[in-house]
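Colleague: Read off the chains here:
There are 2 protein chains.
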Amino acid sequence: MTERHIVQRKRNRGQYDFEALCAVLDDTIVCHVGFVQDGEPVVIPMLYARDGRDLLLHGSVASRLLGELAKGIPVCVTVTHIDGLVLAASVFDHSVNYRSAVIFGKAHEIEDPDEKARIFDHMVEYMIPGRTKEARPANHKETAATTVLRLSIDSFSVKQRKGPAGPVDAGDPKNVWTGVISLSTHCGPPQTEQDPGQVPDYISDYRLDADRLNRRKS
Amino acid sequence: MTERHIVQRKRNRGQYDFEALCAVLDDTIVCHVGFVQDGEPVVIPMLYARDGRDLLLHGSVASRLLGELAKGIPVCVTVTHIDGLVLAASVFDHSVNYRSAVIFGKAHEIEDPDEKARIFDHMVEYMIPGRTKEARPANHKETAATTVLRLSIDSFSVKQRKGPAGPVDAGDPKNVWTGVISLSTHCGPPQTEQDPGQVPDYISDYRLDADRLNRRKS
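Just so you know, the protein sequences line up as chains A and B, in that order. If you count the first sequence from 1, position 72 lands on 79 in the working numbering, and the numbers rise without skipping. If you count the second sequence from 1, position 118 lands on 125 in the working numbering, and the numbers rise without skipping.
Any given hint might turn out to be false.
The list treats identical chains as one, so a pair stands whether inside a single copy or across any two.
Stated by the list, open to error - Below are the DSBU-like pairs computed for lysine-lysine, each with C-alpha atoms no more than 30 Å apart in a straight line:
id, residue 1, residue 2
1, Lys113, Lys78
2, Lys140, Lys169
3, Lys181, Lys78
4, Lys181, Lys148
5, Lys169, Lys181
6, Lys148, Lys113
7, Lys148, Lys78
8, Lys148, Lys169
9, Lys140, Lys78
For the record, the hints were derived by calculation from the structure and aren't laboratory data.
Given only the sequences and the hints, what does the whole structure look like? Please build it.
Modeller: Spelled out as C-alpha cells, the structure:
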C-alpha cells in the first residue's frame with residue numbers, strides 16, 4: 008500500500024484490513040468510479056458486485072465510460088454510507104457518522120460469453136440473493152451487448168466515524184439538544200402489477216445490507 | 008456545456024435544467040468529489056451544501072485533499088440516489104431506479120473569517136434546517152482550523168431512471184415475480200443522553216430530503 012492510500016487525516020479513523028473493506032462494500036450496491044479523461048476527472052455512479060477480492064462492473068458496449076475503463080487505466084472506486092447526523096452544541100463540532108472505502112485498481116474486460124453470463128448471475132445474486140433461481144439467465148445476444156469489467160483491488164483504505172456527539176465544551180450553551188439522528192436505507196413494500204400474494208420470501212424479506220449475503224447462505 | 012457533459016448513453020434519461028439538478032442535490036448532503044493527483048484519479052466522499060448555483064465544501068486545513076482542491080484544479084462532483092431495485096423476468100433486464108447529478112467545476116478558497124463563519128451556519132442550516140437557532144456559531148479559532156471552498160458549477164448533467172420493470176418478453180418465464188423494491192433513506196429516532204422530552208421539533212420531525220428546505224421556509 009503506497010503512501011497515497013494511507014488515510015492522512017484522523018488516522019485513528021483509518022482501517023486497512025480486508026474484512027473492514029467487505030463490511031463497507033457488501034452493505035450496498037452502488038459505487039462512484041473515478042478516472043481521468045483528457046487530463047480531467049470524471050466520477051460516475053455504477054452498480055457493482057464484489058467477487059472475492061475483485062469488483063465486477065458492467066455497462067453497455069456503447070458506453071464511452073466502460074470503453075475507457077476497459078483500457079486498464081487507473082481507477083478509483085469509492086463507496087460511502089452515511090449512518091447518522093451528529094448534532095453538537097457548537098456549529099463547528101457537528102459531524103456525521105459514516106463508513107467509506109476508497110479503492111485503487113485497474114479493470115480488465117471479460118470477453119468470454121459464458122463467463123460473462125456467469126458474472127451476470129453473480130451480480131444479480133449479489134444484489135438480490137435468490138433471484139437467479141427464478142430469472143432467466145443472459146443469452147449470448149445479451150452478453151454481447153454488455154461490457155463486463157473485473158477490477159482488481161490493488162489497494163484500499165476504509166474510514167469511519169461512529170458513536171455519539173462529543174461532550175459539550177465548557178464555553179458552549181448547555182440547553183442545546185445534542186445527539187445523533189441515525190440514517191439507514193429503508194426498503195418499501197414490493198411494488199408489482201402482479202398478484203401480491205405471489206411475492207417470494209427473498210423479495211418480501213429483502214433488505215439492502217451486508218447480512219443479505221449471509222441470509223442467502225443460511 | 009461541452010460535449011463531455013452530455014449524457015451519451017440513454018439520452019432520454021438526461022436532463023440539463025438547473026431545477027432538475029437542485030432536486031437531486033437538495034435530497035442529500037453527501038457527494039463524491041473526484042480530482043486528479045499525480046495523474047491518477049482520486050474520489051473522496053464529502054459533505055456539501057448548495058448555495059444558489061455553488062456548492063460549499065469544507066474540511067480541516069491539514070487535509071491534503073482540501074489543499075489540492077483549493078488550487079482551483081478541475082473537479083468532478085457526483086451525487087447519486089438509488090431509489091429502487093427493478094426486478095425483471097430476465098437477468099439482463101434487471102435495473103435500478105436512480106437519480107444522479109454529475110457536476111464539473113473548480114473550487115476556490117474562502118479566506119475571510121466572518122464569511123467562513125456565515126458559510127458554516129449555511130452548511131449546518133442546509134443539512135439540518137433550524138439548527139443554527141440553537142447551536143453556537145463558529146469562532147475565529149474554529150474558522151482558522153477549517154478550509155472552506157466554494158465550487159462554481161460550470162456544467163452538469165442529471166440522469167435518472169424511474170418507473171416499473173418493463174413488460175415480460177415473449178420468450179421469458181411468465182411465473183417470475185417482476186416489480187420494484189423501493190429504497191429510501193430512513194431517519195431513526197433521535198439518540199441522545201439528554202431527556203428525550205426536550206427534543207425540538209426540527210429534530211424529531213427531521214427527514215433527509217429536499218423538502219426539509221421548504222419545511223424550514225414555511
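Colleague: Take the hints in turn and mark each one as holding or not.
Modeller: Okay, the hints, checked on the actual structure:
| no. | hint | verdict |
| --- | --- | --- |
| 1 | Lys113 x Lys78 | both (9 Å within a copy, 27 Å between copies) |
| 2 | Lys140 x Lys169 | between (38 Å within a copy, 26 Å between copies) |
| 3 | Lys181 x Lys78 | neither (57 Å within a copy, 40 Å between copies) |
| 4 | Lys181 x Lys148 | between (66 Å within a copy, 21 Å between copies) |
| 5 | Lys169 x Lys181 | within (23 Å within a copy, 46 Å between copies) |
| 6 | Lys148 x Lys113 | within (27 Å within a copy, 42 Å between copies) |
| 7 | Lys148 x Lys78 | within (23 Å within a copy, 48 Å between copies) |
| 8 | Lys148 x Lys169 | between (47 Å within a copy, 25 Å between copies) |
| 9 | Lys140 x Lys78 | neither (34 Å within a copy, 53 Å between copies) |
Checked against the numbered hints above, the structure breaks hints 3, 9 and satisfies the rest.
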